[in-house]
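S.K.: As you go down the protein sequences, you meet chains A, B and C in turn.
Take any residue in the first sequence, count from 1 to its spot, add 32: that is its number in my numbering.
Take any residue in the second sequence, count from 1 to its spot, add 1: that is its number in my numbering.
Take any residue in the third sequence, count from 1 to its spot, add 186: that is its number in my numbering.
Be aware that one or more of the hints could be misleading.
List of simulated lysine-lysine pairs, DSS-like, C-alpha gap at most 27 Å [to be verified]:
1. C/Lys763 - C/Lys729
2. C/Lys584 - C/Lys595
3. C/Lys759 - C/Lys737
4. C/Lys763 - C/Lys737
5. A/Lys150 - A/Lys188
6. A/Lys188 - C/Lys198
7. C/Lys665 - C/Lys759
8. C/Lys235 - C/Lys336
9. C/Lys198 - A/Lys186
10. B/Lys62 - A/Lys150
11. A/Lys186 - C/Lys200
12. C/Lys492 - C/Lys609
Counterexamples of contact, computed for chain B against chain C with all Cβ distances above 12 Å [to be verified]:
13. Glu17
14. Arg57
15. Asp152
16. Glu163
17. His189
18. Ser192
19. Gly209
20. Gln247
Calculated from the structure, these hints are not laboratory results.
Every residue gets a Cβ at the ideal spot worked out from N, C-alpha and C, and that includes glycine.
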Amino acid sequence: MATHPITLTVNGSQRQGQVEPRRLLVHYLRDELGLTGTHIGCETSQCGACTVILNGQAVKSCTVFAVQADGGQVMTIEGLAQDGQLHPIQEGFWEEHGLQCGFCTPGMILSTYDLLLKNPDPSEQEIRHALHGNLCRCTGYQHIVKSVQYAANKMKGAPAVAD
Amino acid sequence: MIPGEFEYYAPTSVQEAVSLLQQHGEDAKVLAGGHSLIPLLKLRLASPPVLVDIGRIQELKGIRRQNGAVTIGALATHADIEFSEDLRGVFPLMHDTATVIGDPMVRNLGTFGGALAHADPAGDWPAVALALNATMRLTGPNGERTVAADDFFVDLLTSAVEPGEVLTAVEIPVPQGKYGTSYQKFSHPASGYAVVGVAALVQMGADGACQDCRVAITGAGPKATRATATEDALKGQQLTEELIAQAAEQAGNGMDFLGDIFASESYRAHLVKVFTKRALLGAMQAAQ
Amino acid sequence: MVYMRQVGARVKRKEDPRLITGSSNYVDDFNPRGVGHLGILRSVYAHAKINGIDTSAAKAHPGVIAVFTGADVPELDRPMPHGEGETAGGQKGMVGIVTAPLATDRVRHVGQAIAAVVAEDRYIARDALDLIVVDYEPLDAVIDIEEAVKDGAPQLYDEVPNNTAYTWTRKRGEVDAAFAEAEVTVTQRMNNQRLAAISLETRGVLAQPDPLSGGLTVYTSTQNPHSVRAEIARTLGLSEIEIRVVAPEVGGGFGAKISSYPEEMIVAALARKLNRPVKWIETRSEHLLATHHGRGQINEISLAAKRDGTITGLRMRCLADLGAYPRDASVPPLTGMLMSGVYGYQNVDIEIRGVYTNTMATGAYRGAGRPEAAYYVERIMDVLAAELGIDPVEVRRKNFIPPDAFPYKTPTGPTYDSGDYNKPLDKALAAADYQGQRAEQRQLRAQGRYRGIGVVTFTEICGFGPFDSASVRVEPSGKVTVATGISPHGQGQETTFAQMVADELGVSMDDVIVVHGDTARTPAGKGTMGSRGLVVGGSALFKTLGQIKEKATKIAAHLLEASPEDIEFREGKFGVKGAPDRTKTLVDIAAAAYSGSLPDEIGTGLEATDFFAPPGTTFPFGADVVTVEVNPETGEVALLRYVAIDDCGRVISPLLVDGQVHGGLTQGIAQALFEEVVYDEQGQLVTGTLMDYAVPKPEYVPMFENDRTETPSPHNPLGAKGIGELATIGSTPAVVNAVVDALAPFGIRHLDMPLRPQRIWQAIQDAQAKAPAAAD
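Whole structure, please, built from the sequences with the hints as guidance.
M.R.: Right, here's the structure in full:
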């Protein structure tokens, strides 16, 4: 089957590749670019473990063909911390014990990134609603909600108070 | 997890898309946001040999308000609708519906046109399109045509879009005078799709009576359907909670119901009545 | 610097920096050069003979490296050994049914592995599976356990009449007399539906030839690497030292990754046969089809009681679904053994039959046998309370094992280590304002609203042996490497163990590394399951740290020119008693330990390995109060409040305990309200994706109000009891009790799980049809 050339800007660097049209973005990122922080947890777009930021918004990279993303800007979990400095959302997940096995975490963090862009001051219910597409089997979500609240406070410049 | 092979085309104009579709005939499927199609491909429940990706066609994007109608490009995403202030002003139900579709990532890529053309029996937009009396604009080998929402949803996963045609935009008339809308949904706890969803539009006359109303049901049967008996019972009447409750009892009359392990046919039939009542009460309150 | 103890403090996890930056590796993140991607062809029939398998088209497909059936690989056509479960082994009297990793002549459930494709790319492997043709001869299948035990039902195994693998019984006291003389009896049939583990990371295996040993290194997403090593070695006819098993980051297990699976054998055998790395990653659909399920029981349970609520006898007849082959047949008997709950009744008559059906095998799933027991006991307590018109709290208190009765030998088997059941109950009732909530419920009922309050008091069994291990090596720098035999995968023992080391040896937590999940780097261990990580693994570490301290004390004494008896460990330093200035830190001691100049009676180096074989199991306990409201129009349940008080003995890391509780509660709530693995009558899986199988989402659970009481266990030096499963165990009956309580005005006494809206709505319809005025 014919392959297609694609160019993506991934975590700030331009990456060129040649892909079968059926190659999913998540497989391109993981298998071709070695960015294995993006995970795969289901095949039907329920779990959100594969969430990346594509052109400024969170998407499920298991439900996008790499060719569809051609020309786009992608940020994966590997691109979130800058110069070794954790992003406030990453800090929030660490401070508030927002992860256990860690498998859902990159997706949770990037969905939170999308949420806080759109709504910098979400209520508990808004956080839960915004994370509807990210399943976590370990935490029961409580510490994840607190992690997001921590990050929101920190990003607003307010003191991020741990309970 | 992994789709079968297919040929891929990414036209940049509607004309180009239509000629590609014509060229490949039955082999070709239109790919828009992909959030209905790609899961089916991954599970290998569908294996079209050719995909025509319309996602790069600029003319299919955008939401415009003009001449008493709103025109929504087929590629407008659920998130575009959710965050459109223009739309929120005239149809709060568009915003409210968008927020209960899938999840933010699905809404960021899934498209309004794709969801309508796919005619998923559990999709949310078909009910909204029916309730708002939308008109679908299609372009095919023989040029443009329009199809009223009432004629658009043909059967399970079948819309009026013919092979070779592309749904380009949806026009929704803005009602005159006092009106209210509401969408009430009973979501499946796993998939998030509508087990039952009911959209309602209520228009009030100067006398305070219900001048017109449109009620549409999704999720419950093989295709989205108007609840005409309910509508008829309300038109011209002064609306009260009792009257709405009575009228809602007629919702779903004559419908075929779907059943599954989560909700049987009879339970869905019951939910249709409950959610019709809720949607009408919501629309009535919004109209006042 | 102010000295601060780490044990008991709220500390951030050591595991997290690598996980929040995406820089660590789960199995699928390894891609060694030349790796072949393996796909598995699975049975589409629940029960069929295989008359032939044609792999020729798949073999000819471009990019396919090889295609194998069981006939091609003798190691894979041999029966796999029994899995190693939480309590290990099969049941007495059970016919020894075993399954080969690849089926050659007969399949007994949808999803059973038949053939394996290895290809250059995972896409090609998937394509090639569609090219294999299997000639099936379908046989009648039996899916329902109650059908399976009937005469004339389809038989899975000729040597197992009525598909009954075993019957486990326990009869103590005078049960028949208790029922004959009872002032009141209640009987209820209850289910415990099948559940799927749904670890967010599915299973996955990567095996590669290891030039060092001439055998293999196998990366696998498991809870128990040492057991997988033993079973791969046995399957391949190699010795343990030729197999290295690594559990890298593991994205959750919940019991489903305890014992080894056919796929581990297939991948290992084919990596050896092809002499190249081979990787298999389970899809979510495969996870639902072919990773073992949990629960799966139907039970009829009866109580005999006095009118004052004192229980005089318990009887139960339970069928437990083993699926098509036994993976952990010891789970259902655990249900029987825990049927005493927290209550003192002495007359019991319990029978559990393990039954084969044409479905995926069942095995451990968070709680493994104990959630079922807690559910039956706590549900029938409420049925009894309703029958007697006594508050459910009072019926429970009336029957509690008193705090002075411990160690308490139950009639159902185990001896409870310690307990004080009023403590968490009092705390929970106060936190929930139970009396206030009852008053509010009465008011709401008068308004036609259906508020329900569920109360449970429960215990479980944890801390299974037979042993676990720890190695501690104080490096020359004074930093510390710990290697543990447990295999955490989210529980956070890198953190809790570092807390312990920090306090015991006087080092910073940052100067401790905890290594786990690698048979080449850790001493023999039994993995992470059954809430044993801290209880058994932590105790092994504590013992080992004792050895290190003993030697460190000798070295300190030598350096300080004092006698070891005069050295004490105070505020993180080894010092001479009564001489505040004369101290040595671990850094000083480590430098001396590796100087080569210590006297012979002390010896060079500072490291130790020790094992802990627990003298008995532990029994954490708790009490929950749940508030729900049911919408009678649709049957929807709103979970309004959840108060959980747990007693898991001594706590090392309170933040991590909270995390275990929240996650555990959510999984238990999920069984009550959402989750169920459903097969149709032909044995096809209806809940085959996460579009059908409802895992709780963030909006489905409230903010939990949880707290603790602390009753130490005497069975380990830490006093720990285990917290991994406790919250799951209490929350399922708590929620069902609350919903049934909400429906009391309709005369409803019980509903089966999951409490989907339709089931509740239908029950209300039925109740109203029977007695139209009941709800008014």
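S.K.: Now, for every hint given, state plainly whether the structure supports it.
M.R.: Consistency of the hints with the structure:
1. A threshold of 27 Å between alpha carbons decides the hint, and for C/Lys763 with C/Lys729 the separation of about 24 Å falls inside it, so the pair holds.
2. For the proposed pair C/Lys584 and C/Lys595, the alpha carbon gap of about 19 Å is at most 27 Å, so the pair holds.
3. At roughly 14 Å between alpha-carbon atoms, C/Lys759 and C/Lys737 fall within 27 Å of each other, so this suggested pair holds.
4. Between C/Lys763 and C/Lys737, the direct Cα distance comes to roughly 17 Å. Compliance with the 27 Å bound is thereby established for this hinted pair.
5. Distance restraint check for A/Lys150 and A/Lys188: the Cα-Cα separation of roughly 13 Å lies within the 27 Å cut-off, and the hinted pair is therefore satisfied.
6. Proximity of A/Lys188 to C/Lys198 is assessed by CA-CA distance (about 23 Å); at most 27 Å being required, the pair is judged to hold.
7. Annotation: proposed proximity of C/Lys665 to C/Lys759 holds, straight-line Cα distance about 14 Å (limit 27 Å).
8. Distance restraint check for C/Lys235 and C/Lys336: the Cα-Cα separation of roughly 23 Å lies within the 27 Å cut-off, and the hinted pair is therefore satisfied.
9. This hinted pair checks out: C/Lys198 and A/Lys186 have alpha carbons roughly 18 Å apart, not beyond 27 Å.
10. Distance hint between B/Lys62 and A/Lys150 is fulfilled; the C-alpha atoms sit about 21 Å from each other, no more than 27 Å.
11. For the given pair, A/Lys186 sits about 22 Å from C/Lys200 by alpha-carbon distance, which is consistent with the 27 Å threshold.
12. Restraint check: the Cα-Cα separation between C/Lys492 and C/Lys609 comes to about 25 Å, which is no more than 27 Å; the hinted pair holds.
13. For B/Glu17, the shortest C-beta to C-beta distance to chain C comes to about 28 Å, beyond the 12 Å cut-off, and the non-interface label holds.
14. At the 12 Å boundary, the C-beta of B/Arg57 stays outside the reach of chain C, the nearest C-beta of that chain being 24 Å off.
15. No Cβ of chain C approaches the Cβ of B/Asp152 within 12 Å, the least distance being about 30 Å, so the stated non-interface status holds.
16. No Cβ of chain C approaches the Cβ of B/Glu163 within 12 Å, the least distance being about 29 Å, so the stated non-interface status holds.
17. Not every beta carbon of chain C lies more than 12 Å from that of B/His189, the smallest distance being close to 8 Å; the non-interface claim is violated.
18. The beta carbon of B/Ser192 is not kept farther than 12 Å from every beta carbon of chain C, the shortest such distance being approximately 4 Å.
19. Non-interface call for B/Gly209 relative to chain C: holds, since the shortest CB-CB distance, roughly 28 Å, exceeds 12 Å.
20. The Cβ of B/Gln247 sits about 15 Å from the closest Cβ of chain C, beyond the 12 Å cut-off, so the non-interface label holds.
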